[in-house]
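Asker: Sequence:
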Amino acid sequence: GDRPAAYIVIEGMALGYIYHRGLPVRRFRISASTDGGHAWIHAGRPSAIHGLLALGHDLLAIPLETTQRTSLNIGRING
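Heads up, the sequence shown is in this note's numbering, so the first residue is 28 and it goes up one at a time.
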């Protein structure tokens, strides 16, 4: 059919090794906006970055799976 039979992923993790299994990965992209912005000009207004940091704090408080190797990474915040 039109679907690939296999994939090859080249990644920089553990150079010099070949992995023949995939890691189950779940990625999310989250965006937020508020009336706030510049810390001085918009002082007192909500900050989208502060809201995202609070969300990240809450996510990091969730217990991770213990029967399998599990990790949580907050990779990048910008704005």
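Be a bit skeptical, because a hint or two may be false.
Said to hold, decoys possible - Computed spacing ranges between beta-carbons, pair by pair: (1) I89 / G49: 37 to 43 Å; (2) L80 / V52: 20 to 26 Å; (3) A41 / L82: 26 to 32 Å; (4) L42 / N105: 41 to 47 Å.
It is worth saying that the hints were derived from the structure and are not from the lab.
All C-beta atoms in this analysis are idealised placements derived from N, C-alpha and C, irrespective of residue type, glycine included.
Asker: The structure should be examined with respect to each hint, and the outcome stated for every one.
Answerer: Hint-by-hint comparison with the structure:
1. In this structure, I89 and G49 break the distance hint of 37 to 43 Å, their C-beta atoms being roughly 24 Å apart.
2. Look at L80 against V52: about 23 Å separates their beta carbons, and that is inside 20 to 26 Å.
3. Taking the beta carbon of each, A41 and L82 are about 31 Å apart, inside 26 to 32 Å as hinted.
4. Restraint check, L42 to N105: a C-beta distance of roughly 28 Å breaks the suggested window 41 to 47 Å.
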